[in-house]
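K.L.:
With these hints in hand, go ahead and build the complete structure from the sequences.
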Amino acid sequence: MKLKHLTAGLAALAVAAPLAVTTAQAYELTIPSLVYRTGPYAPGGIPFANGYADYFKLLEQRDGGINGATINFVECETAYNTQQGVECYENTKGQGDSGALVYQPLSTGITYQLIPKASVDEIPLFTMGYGRTSAANGKVFPWIFNFPGTYWDAASGMVNYAAAIEGGEDQLKGKTIALVYHNSAYGKEPIRTLEELASKHGFKLELLPVDHPGQEQKATWLQIRRMQPDWVLMWGWGVMNQVAVKEASSIRFPMDRFIGNWWAGSEHDVTPAGEGANGYLSATFHAPGADFPLHQEILEKVYDANMGAGERERVGEVLYNRGLVAAVWTVEAIRKAMEIKGSNEITGKDVREGLEALNVTEERLGELGLPNFTYPVTMSCAVHSDPGTVLIQQWDAAAGTWRVVASGIEPDRSVIMPLIEEDSAAYAAENNITPRDCN
Amino acid sequence: MEFLIETILSGLMAGVMYSLVALGFVLIFKASGIFNFAQGVMCLFAALTFAGIMEKTGLPWPIAFVMTIGVMVFVAWAVERFVLRHLVNQEPIILFMVTIGLAYVLEGVGDILWGSDVKVLDIGLPSGASDYMLDNFNIYVEKLEVFAALIAAVLVGFLAIFFQKTRIGRALRAVADDHQAALSVGISLQTIWVIVWSVAGFVALVAGTLWGAKSGVQFSLSLIALKALPVLILGGFTSIPGAIVGGLIIGVGEKLAEIYVGPIVGGAIENWFAYMLALAFLLVRPQGLFGERIIERV
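Those sequence lines, one after another, are chains L and A.
Each step along the first sequence adds one to the number in my numbering, with nothing skipped, and position 32 is 32.
Each step along the second sequence adds one to the number in my numbering, with nothing skipped, and position 186 is 186.
Derived from the structure by calculation, the hints contain no laboratory data.
No false leads were slipped in.
Covered stretches of chain A, as calculated for chain L (at least 3 residues, CB under 8 angstroms):
#, segment
1, 113-119
2, 208-221
3, 247-258
Sample of chain A residues lacking proximity to chain L, with all beta carbon distances greater than 10 angstroms (derived):
#, residue
4, PHE82
5, PHE162
6, ARG173
7, ILE187
In this text the structure is predicted, and so the values were computed from the model without any measurement.
Where a beta carbon is used, it is the ideal one built from N, C-alpha and C, also for glycine.
P.N.:
Here you go:
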């Protein structure tokens, strides 16, 4: 009889013990990170992934997680391949207590595949400055966020910078602006906006596509040499950027009239051209460098503890900072979601609400250790991309650094907003979506 | 007129760069009948190793270059020892598929050894436009490409002598014709394969270095093989002069097409135009311009 009781007692203990442990464990937040550390685009993917990972590592080290919940950070390698990206999404979306909270697909191709999936799975996509531009309309795309700016904001900001250097918008009349672009959905994104701006300001737009991967661009730059445009804008990625900068330097095109978009303005884009790249410009939406309190904290608490995702000396590179700011905004949205729900046990659906209520002011950026690093962002139900303000940075080859030469460049929203409305309305009609009635 | 000359010159120079990659394919195909899918990755691997050795050890480039040749010889030995030796007399398609696997292995090993970042290959190669041509004739010619043309000329001369005048060269050709017949007259297939893969590795190092100096050494270098394929189709898979002439025709053809036809049809046509040009040649000469016509009795 005693043996029977003892057996029953042990069995009960065996069942109850894991339950007791489970209830004592903190809620786990799953943060998937789709990265490309391998393949032809890895030089751009690695620093972004490192910046993104290091911020979550800092939160684990410093705070033990986010508001008492632990972090389950899951990296998945996409190699910048759409199919692999979708597989990563499917493999990670259901992980942990929370399921995946938010995805940063890091590829326009993967983003386009995930847009319909995310809506069904109720997981927000944060396509920071890439992906489908018209997703800025939250009424049609409730699950997609592409703040702080779209490709159309970037195109307009780059033209406005050119106008400022020329002496005003009216000075663009009669000028020629050439667009050298990756011959893909990504590269073609700014064309419509630039055509509208060309018609508004009276400049001539020359379109010069470059096929993937862009290793050979001689024909493109011979054409530029012949047409002698006043400005060259570039929508490139990967080796296309390095070759273009080198070719521009070879044909003696003035580098301070050559502006890349924010995916064509990192250190590895310019270093192969050496001195020839000096003066090259690129759009961006955050500062370069590691002279911010947050970077110092990461170095002390993460790198000094040998827990950094990358090399110490690369903290503060342009794409590292982009990954970092993506992580900062993501975490702010998670905090906002917890605040709205009144609990740290949140899901992707809650994070979407957190993103729509996001309000990261300059004061808050200062508290986070990033004073004057980027622009404040304020989201709403209807507005999923704001403020669209552009910075222009310039490469100093001798110092080996980027420095910001123009800030606060506002995009021409009078041109962009109707285009966003038109494109998102077409998407809604194609997909039988009834736009939400909200502001 | 100046612009047309400039376009043709640029096409010729670009063509030489394609030919350098195509040469590696020709060497292996000529000596072993294998279409080496991994040739592009070999260019990448060689250039990565060269840049990586300099970056990690700080050794001067000539020493790093020689060390890289040693690595490529080791790769050739390993390919023969662990792959080809077990596949003697197999169907060409099997050997081709093996080289696809080899491409992935080399890419992975390169990544593990040297990382994925862009490496700057600063070994003092000439770069930028020729000031002389630009200032005196207003014609843009890139110095690196002129240098590449000289290197290609030296390489072709060396390889022509090697294949035509040396005992090993003749043995290589015998192996290409028939593995078993070559074995029956006492030619060591193993040694021949190691030699030819080593020479192809050396050519890959030269091509990878010149392309790497152009854009930085990075993983997209492996994709330059795509530029060599139309050259091979046009020039023939077994002809070294064919690789050069084919490269020149493809280079000029694609540049003229991109600049004069591209704007009419939306641009970015040079990649597929090169294949169109090569296929058009195939209709007239299926073996390519300089390829050997194979007659098989049944």
